[in-house]
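Listed below are the residues making up each chain.
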Amino acid sequence: MADNSVGVAGRIKNANYKKLLSEHGILIGFVVILIYLSLATPNFLNANNIVNVLRQVSCIGMATIGVGILIVMGGIDLAIGSTFALTGITAGIMVSQGAAGYGLHPIIGIIVGIATGTIVGGISGWVVAKARIPAFIVTMGTMSICRGLALIFAHGMPIGNFPSGFTYIGSESLGPIPWPIIIFVLVIIFGYYLMNKRPLGRYIYAVGSNEDAARAAGINVNKVKVAAYLISGALVGLGGTVLAARLKSAAPSMGVGYELDAIAGAIIGGVSFSGGIGKIRDMVIGTLMIGVINNGMDLLGVEAFYKQVVKGSIIILAVLIDRKRSGRA
Amino acid sequence: MADNSVGVAGRIKNANYKKLLSEHGILIGFVVILIYLSLATPNFLNANNIVNVLRQVSCIGMATIGVGILIVMGGIDLAIGSTFALTGITAGIMVSQGAAGYGLHPIIGIIVGIATGTIVGGISGWVVAKARIPAFIVTMGTMSICRGLALIFAHGMPIGNFPSGFTYIGSESLGPIPWPIIIFVLVIIFGYYLMNKRPLGRYIYAVGSNEDAARAAGINVNKVKVAAYLISGALVGLGGTVLAARLKSAAPSMGVGYELDAIAGAIIGGVSFSGGIGKIRDMVIGTLMIGVINNGMDLLGVEAFYKQVVKGSIIILAVLIDRKRSGRA
Amino acid sequence: MEMKQISKSFGGVRALEGVGLTLRRGEVHALVGENGAGKSTLMKILIGLHAPDHGEIILNGRNMTNVSVRDMQNAGISMIFQEFNQVKTLTVMENIYLGREPKTKLGNVDYKKMYNDSKKLLSELGVDLDPKTQVADLTVAKHQLVEIVKANSLNAEIIIMDEPTSALSQKEVDALLMMIQSMRDKGKSILLISHKMEEIFGVCDRVTVLRDGQFIHSGKVEDVTQRELIRMMVDRDVNELFPKQESQIGEVVLQVKNLSVKGKFQDISFELRKGEILGVAGLMGAGRTELMETIMGARKPEQGEVYLRGQKIVNRMPGDAIRRGIAMVPEDRKKDGVFLKLSVRDNILMSSMKKCIRGIALNKKLQDQYCDEYEEKLQVKCSSSAQICGTLSGGNQQKVAVSRVLNSDPDIIILDEPTRGIDVKTKSEIHRLMSSLACSGKAVLMVSSELPEILGMSDRVLVLHEGRLTGILQREEATADRIMELAVKTMKLEA
Amino acid sequence: SGSNSGGNASNSPAANSPSAASPASSAASDSSQQQLHIAALMQGNQSGFVQYMTSGMYEYQKASAPDVKLDVVFADDDPAKQQSQMETFVSQKVDAIILNPVDKVQSAAAVDIAAKAGIPVITLNTKSDSQNVTAHVGSDDVEAGKMQMEQLLKDAPQNPRVAYVDAVLGHSAQVFRSQGYNEVLAAHPEAKLVVHDTADWSGEKALALVENWLQTYPNGIDVIATEADVILTGVITAVENAGLAGKILIAGMDCDMPVLEKIKAGVVDNSIWQDGVGQGSNALRLAIEAAKGNKVSDFLIPYELCTKDNVDKYIELAKARNELASKYF
Ligand SMILES: Nc1ncnc2c1ncn2[C@@H]1O[C@H](COP(=O)(O)OP(=O)(O)OP(=O)(O)O)[C@@H](O)[C@H]1O
Ligand SMILES: Nc1ncnc2c1ncn2[C@@H]1O[C@H](COP(=O)(O)OP(=O)(O)OP(=O)(O)O)[C@@H](O)[C@H]1O
Ligand SMILES: [Mg+2]
Ligand SMILES: [Mg+2]
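Quick mapping for you: the protein sequence lines, in order, are chains A, B, C and D.
For the first sequence, our numbering begins at 2 and goes up steadily by one.
For the second sequence, our numbering begins at 2 and goes up steadily by one.
For the third sequence, our numbering begins at 184 and goes up steadily by one.
For the fourth sequence, our numbering begins at 13 and goes up steadily by one.
Heads up, a few of these hints could be off.
To be verified - Dumping the calculated EDC-like pairs for lysine to aspartate or glutamate here, alpha-carbon to alpha-carbon at most 20 Å:
1. C/Lys524 <-> A/Glu304
2. D/Lys276 <-> D/Asp310
3. C/Lys271 <-> B/Glu304
4. D/Lys339 <-> A/Glu212
5. A/Lys198 <-> C/Asp551
6. B/Lys198 <-> C/Glu284
7. A/Lys198 <-> C/Glu429
8. D/Lys217 <-> B/Glu304
9. C/Lys524 <-> B/Asp213
10. C/Lys187 <-> C/Asp236
11. C/Lys518 <-> B/Glu212
12. C/Lys371 <-> C/Glu612
13. C/Lys517 <-> B/Glu304
14. C/Lys303 <-> C/Glu284
15. D/Lys93 <-> A/Glu304
16. C/Lys379 <-> C/Asp555
17. C/Lys403 <-> C/Asp388
18. C/Lys271 <-> A/Glu212
19. C/Lys379 <-> C/Glu411
20. D/Lys74 <-> A/Glu304
21. A/Lys224 <-> C/Asp503
22. D/Lys128 <-> A/Glu173
23. D/Lys93 <-> D/Asp167
24. B/Lys224 <-> C/Asp236
Worth flagging that the hints you see were computed from the coordinates, not collected in a lab.
Note that this is a predicted model, so its numbers are computed, not measured.
Extracted from the complex, chain A is given alone in its bound form (with noise of 0.2 Å):
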C-alpha cells in the first residue's frame, strides 16, 4: 500500500492526478495516516492488528453507514448511541441466562434487537415526514427516551449472562475473520446496492439534492424519508445487538457519544451536511480513519492529555490534506 501511494505522489503533476484524487476523497488524508502508523509503530501493519481495528470499528461502521444514508437524504439520527443501548438491553434480556432476562433462543434475541432498531427508526422517520419537524430535534427527543427506556427496562443494571450462541456473533470468527467484520462486510455490500443499485437509493440522493423538485419528479417523498430512517434504525440496531454480543453484556449506560462518532465517520468520509452527496464506500473509509486513528495512538503511546490534542489536529489535517489536493478548497 505503501509502495502505490508513493508512486502516485510521483505522478503529482500527471493532468488526471486532480480527478483521480477528487474522485478518491478522503482516501489520500487516510493513506497518509497509513503510511505514517506503518512506519512510526512497527505493530500497526500485523495482521493480527488489522483484524483488531477493523473488529473495533464493525458495530459502529454499521451506524456510520446507517446514518450516512440518512444524511444524504438531508436527515440525520443522534440516537445512535441510546438506540445502540437500547436494543443491547431487550436482545439481552432476551437472551440472558440470569435473573434479568427470560433465557430464550439467540436468534430470537437477534430478532429483537434489529427490530428494536428499526422501530426506533420507523418512529422518528415517521415523526419527521408527517410532522415535518426538523430531524435534529426528533432524534434528540428519541435519543432521550431510548435512554430512558433501557434504563427502564434494565432496572438500571447492566445486563450479562449471554449464552454463547448469542456472543458467537460478536466473539467467534469465520475462519480468520471474526464474525462482526464479515457482518459489517455484508452491510457494505448492501448499503452499496441500496444506494447504487435499487431506485429507492437513488431517490434518497434525490429528496436530499432537492425535496421539491423530487416530489415534481413523482417520488413519494414521505414513503422515501420512512424508508430511509427504517433501514437506518435496522443497521443501528444490527450494530447493538452485534455489539453487545461482543462484550457478551449490554448496560443502559452504553454507547453514550456513538452518534457523534458515526455521524463523523460519514462526514470524513465527504458526505455533505446539506444532502444529497455522498458514498458508500468513503462512509467506510471515513469510519476507517477513525478507528484507525484511534488504534495508533494506543499503540504509540501518546500522552493521555496530549492524545485528545493530537487527535483533534489529525482529524482536521486528514480532511484537510483531502479537500487541498483535489482541488475542493
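Take the given structure of chain A and dock chains B, C and D with the ligands to it, following the hints.
Just chains B, C and D with the ligands, lined up with the frame of chain A:
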C-alpha cells in the same frame, strides 16, 4: 401569561390566527408547557423559581445565541462544551488563590476567559472559511483539542479557591436579579442588535441562505464567516467564564454535552439547519423551554429513569404543537 | 472595456478558449451562442466571480484581471444573473441593497431609507411589489424583475444581463427593452445575452458570437442577417420557424371542470385531446403555473374535478399524476426541475427508475440506453452523463429537465415555459419533438409567455387573465393581437 | 521532586504494603534477559482518581521497576473501547494487563479475552464479573457508599430527610455506591429518603438539580449525599447560595482538594479517602509478579473517612498526591 394565552386559544378560528402563530413560532408550545407546569406544581410560578430557572439557563443561553448565529450562517460549533471547560480553566487559573492559580485580579480572569473563547472561535472560523472544510469536522476537531488543553492546563484537576470578586458575577445579584441573568439579557440585546441592525448581521443571514448570491453581491464571505465565529466564540467564552464563577470552581470535565443543549435551544427556537432562517428571540425561547422542562421535571419529582423518556417526548411534542398550529406542517 | 484572450477550464471541461470581447461606451452589445457556449462563464469572469486561467480584462485603460466582485462593482459593473442569485430568506429591499446597505451615523442598517429608496426604484420601473416581501414568496418572473431593479440601482456604467427576458411575458419584455434603450441613451453600456432574435435585432448595436468556448465573430448588428447569425452560432442552417406538423386530433383525454384554487385561479374548464397541442397564454401572474400544478396534484383544488379519459381522478401528489401518465416540466427549474447536485444521468432517469430495473437491481446498460437516447435527442452538452447537473449551462439544465419528463413516457405532457433559456437550435429541436409527440398520439399542454411560440405550436390557445379563463382560440383565429386582447381583458375595460 | 515522591511513597502504600519495594526490585533484576511489557487499561482520563492510580503506577515503575515497559491507555468510560484496547494489547502479547474496568459486568468479556490468551489480568479499583481475574487491587464501592451514608446519618438531626445525587446511571460506581446508600437507609428506618436523581458526572447539572430541589422541598431536606466530589462541587454552591451551608449536611467521595477545604470550613460533612496512588502502585507490583508466573492474591486497601476532625491529615495527603499527579499529567 396564562390568561393571555387562553384568550388566544379562544380566538382560534380567527383568520389572523395562523399568521400570529407562524410569526410567534415556538411560543405556543412554550406557553402550553408553562400553563401545564403552573397548574401541576404550586412552586413553579413563584418569583424565586422563575429567577432560579433564568439563572440556570443563562450560561448555556449565551452559547445558544452564539451557536444560533452560526447555524443561521450555515455553520455549527460542536466545541461549545469543551470551550466552556477550557475558558473556565484559563480564567480560573488566572484568578485562583490556590496552588494551581496565579491569584490575579478578577477582571483579568474574565478577560482571559472571553479571550480564550474568542481565540478558539477564531481558529475554527478561519479553518472553516479558508480551507472550506465542513464546520462539523473542524469543530469536532477543536472540541477534542480544547478538552485536551483544558486537561493539560489544569493537570486534570478541578480548580477552586476563586476570589469573591470573581465569583461575584456568578453568584451575586443586582437588586433582585442575579448577575448571570443580567449578562444573559445583555447578550440577547447584543445578539438582536447585531443580527437586525448591523450590516454584518444581514450578511450572516445572506451567507446562510445563499453563499453564492452573497459572494455575487460583493460580500466578503470569508470575512463574514470568521467574524461570526469570533463573535460566537466570545459569547461561549463569556458563558464558560460566568459558569465557572457561578460554580465557584472549574473542572476540565466541565460542560460535557453542552453543545447539544445549546444547539437544541436554537433549533427548537426554529433556527434552520439549512441556514438563513432564525430569530434571536426564538433562540431565547428555545433555551427557556429546555430550562423550564428540566426545572419542571425536578419540581414534579419525575423518577430518574422516566425523566429522560418524558423529556424527550415533551421536546418533540412542544415543537409538534408549534409546527402543527403554525401551519408549517 | 476589453477582455483579451480569456481561457477557462473547469476540471477537464474547457469552457472558454482565447475569447475576446470589446464593449464601447453607450452601446448595447449582444452576446450570443448555443447553450453551453460559455457566455455566462465569460460574464462571471468579467465581474470577478471566476478567475480566468489566462487572459486579461482592461477597464477604461486599467488592468482589472483577478480583482474581487466588490472591486468590479465599484468600478461600475453590475450583472443580472441567469440563475437567480438572490437570498431567499431576505426581503426584496434587502436583496436590492445587499452588500451596500444604507447606514445610519452609527453604522446601523437604515431600514427606513432602504424602504423608501427601494420603493422608488421599484415604481420607477413599474414593478408592483412591496419592498418588504420575502424573496422566497416571489414567482420566477418577479425574481427576474427584482434582479433588474437591483442592477439598475447600482448605477453602473456597464450592465450585464444574462437572459433577462427568458422568464418574462411580452408586457415586461417590452418594458425592459424600453429601459435598455433609455439606459443606453444615458451613455451606459449594456451587455445583453439572449437567445431571442427579435431582441438582438431590435435593440442591440453590436453582436459577439461564441461557439464551443471559442470566439467566432464580432461586429455591427446591421451587418449580419438573422440567418447568418444563426449559422455562426450553430454552424449550420436552422429554420427558426416552428416546424409544426399537422397531427391527427382524437378523442378527449383530459377534461378539467370548474377547477379553482383560492386566490390563484377560478372556475377553469377545458378539454385536451389526443394529438393536440394546447397552448396556454397569459400575462405573468395570470395563474397558469398554479393551474398546471393543481392538475399535477402539487396543489389541492378548492373545487372542481379532473377527468382522465372520462374517469374522475384525484392526484394527491405529482407521483399520482405521473403514474397515470401525466408529467410536467416545471417552470422554476432550479427549485422544482433539476437536482443540481446529482449527475445528468440521475436527473434524466429520476422519474422512470423502475424502467431500468432488471431482476433485483438497476441495470447499467438500460440506464445508459435511456440516458443516451435523450442526451442525443435534445443534444445535452455535457462531458459525460456523470457530470453534475449544477455545472451545466442554464440551457442544458433545461434540456435535462425536459429529458426527465419525456423519459417517463407520459401520455399527457405539460410544459411550463419549456424553452426558457434554450438556444435557437435546440428550441427548434424541442418544438420538433413536441410536434412528433403530438403526432404519435400524445396530448401536450404548453404554457408559454412567448407569443411566437404559442402561435407557432398550438392547435388551440387557452388564454388566462388574473386567474380566469378569458377565451379559447382555434389555431386559425389565434393572432398576437387577439391573444393580447384576451390576456389584458379587464385592463382594457378599465381603460 | 525526588523528596516529594519519596514522601508520598512512605505516606500511602507504606501503611498497607510494607513489603512493596523488595519483591519488585528483585523482579527488575530477574527479568533482565527479557523486558516485561505491561499494559494498563484505565477507564477514563477525566477524573482525578484515575490520574492518582496512574501516577501510582508510573511512580512505582520509576522507583522499583525501571526495566518494565508500561503502556497506559484510557477508555473514555466506554466499555466497548476498553474491550478494543484489550484486544489491541492481547494481540501485542503483553506479559500482564492491569484493568481498571469501566463497568463491572461489561468488563468480563475483556478479561476473558486476556485469559484465553494466557495473559494474567489484575483488576484495579472496580471489580469485574469474570471468573478469570488473576487478582484484584482496590476497594469496594458498596463499602464507600455505606461509610459515607452512615457518617451522614450519625451527624444528622433526628429523623433526617435524605436526598442523594447519583453519578451516571448504570455506571458501576453509581450502581454500587447507591446500593451502599440504600443498605444503610434500610437499616435506619427513622431516616426518610426524599428524593434522588442523577447529575451524570457534572457539577453544573448537580447545581441546577439541587437548586430545583430546594425550590420543591423548602426546609424539607437535611442530608444530601453525592457519589463523587465532581458532583459535590455543584451541590456545595447550591447549598451555599441558598444560605444553607452547614444546615444541610452534604458529603462526597475522593477527597478532591476544593472539597477538603470545604470540610475544613464546615460546609461539607465528609468525603471518602481512597488511596489511588497506593492502588496503582500495588496493581503494577502484582502485575509484574503475575507476569513472572508467581502466584498473586487480592490486595485490598480499605477506605478512610475524612471528616472535619481529621481533615488536616488528608489535606497533606492530597497535596502530596496532587503534586505527584501533576508530574505525570
Ligand atoms: N463549475 C463548473 N464546473 C464544470 N463545468 C462548468 C462549470 N461552469 C460551467 N461549466 C461548463 O462550461 C460551459 C459553458 O457554460 P456557460 O454557463 O458559460 O454557458 P452559456 O453560454 O451561458 O449557456 P446557456 O445559453 O445555456 O446559458 C458548459 O459546458 C458548462 O457545462
Ligand atoms: N409562493 C407564492 N406566494 C405568494 N404568491 C404567489 C406565490 N406563487 C405565486 N404567487 C402569486 O400567484 C399568482 C399566479 O402566479 P403564477 O406563477 O401561476 O402565474 P403564471 O401565469 O404562471 O405567470 P408566470 O409567467 O409568472 O409564471 C401571481 O399573482 C403570483 O404573484
Ligand atoms: Mg448561461
Ligand atoms: Mg408560470
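Each hint, compared with the structure:
1. Our distance criterion of 20 Å between C-alpha atoms is broken by C/Lys524 and A/Glu304, whose separation comes to about 43 Å.
2. Simply put, D/Lys276 and D/Asp310 have alpha-carbon atoms about 35 Å apart, too far for the 20 Å limit, and the pair is violated.
3. Between the alpha carbons of C/Lys271 and B/Glu304 the distance comes to roughly 46 Å, so the proposed pair goes past 20 Å and is violated.
4. The suggested pairing of D/Lys339 with A/Glu212 is violated, with an alpha-carbon distance near 57 Å, which exceeds 20 Å.
5. Proximity of A/Lys198 to C/Asp551 is assessed by CA-CA distance (about 14 Å); at most 20 Å being required, the pair is judged to hold.
6. This hinted pair checks out: B/Lys198 and C/Glu284 have alpha carbons roughly 11 Å apart, not beyond 20 Å.
7. Among the hinted pairs, A/Lys198 with C/Glu429 is inconsistent with the structure: their alpha-carbon atoms are about 42 Å apart, more than 20 Å.
8. For the suggested pair D/Lys217 and B/Glu304, the alpha carbons sit about 16 Å apart, so the restraint of at most 20 Å is met.
9. Taken as a hint, the C/Lys524 and B/Asp213 pair is honoured in the structure, with Cα atoms around 15 Å apart against an allowance of 20 Å.
10. Our distance criterion of 20 Å between C-alpha atoms is met by C/Lys187 and C/Asp236, whose separation comes to about 12 Å.
11. Between C/Lys518 and B/Glu212 the alpha-carbon distance is near 16 Å, which keeps this suggested pair within the 20 Å criterion.
12. Distance hint between C/Lys371 and C/Glu612 is unfulfilled; the C-alpha atoms sit about 37 Å from each other, more than 20 Å.
13. Our distance criterion of 20 Å between C-alpha atoms is broken by C/Lys517 and B/Glu304, whose separation comes to about 51 Å.
14. Distance restraint check for C/Lys303 and C/Glu284: the Cα-Cα separation of roughly 16 Å lies within the 20 Å cut-off, and the hinted pair is therefore satisfied.
15. Between the alpha carbons of D/Lys93 and A/Glu304 the distance comes to roughly 17 Å, so the proposed pair stays at or under 20 Å and holds.
16. Of the pairs offered as hints, the one joining C/Lys379 and C/Asp555 is violated, with about 28 Å between alpha carbons and a cut-off of 20 Å exceeded.
17. This hinted pair checks out: C/Lys403 and C/Asp388 have alpha carbons roughly 6 Å apart, not beyond 20 Å.
18. At most 20 Å may separate the alpha-carbon atoms for a hinted pair to count; C/Lys271 and A/Glu212 meet this at roughly 16 Å.
19. With a C-alpha separation of about 15 Å, the suggested pair C/Lys379 and C/Glu411 falls inside the 20 Å cut-off, and the hint holds.
20. As the CA atoms of D/Lys74 and A/Glu304 are separated by approximately 17 Å, the hinted pair is consistent with the 20 Å bound.
21. The straight-line distance between the Cα atoms of A/Lys224 and C/Asp503 is roughly 13 Å, inside the 20 Å bound, and the hint therefore holds.
22. Between D/Lys128 and A/Glu173 the CA atoms are separated by roughly 13 Å; this keeps the pair inside 20 Å, and the hint holds.
23. Distance restraint check for D/Lys93 and D/Asp167: the Cα-Cα separation of roughly 42 Å exceeds the 20 Å cut-off, and the hinted pair is therefore not satisfied.
24. Between the alpha carbons of B/Lys224 and C/Asp236 the distance comes to roughly 25 Å, so the proposed pair goes past 20 Å and is violated.
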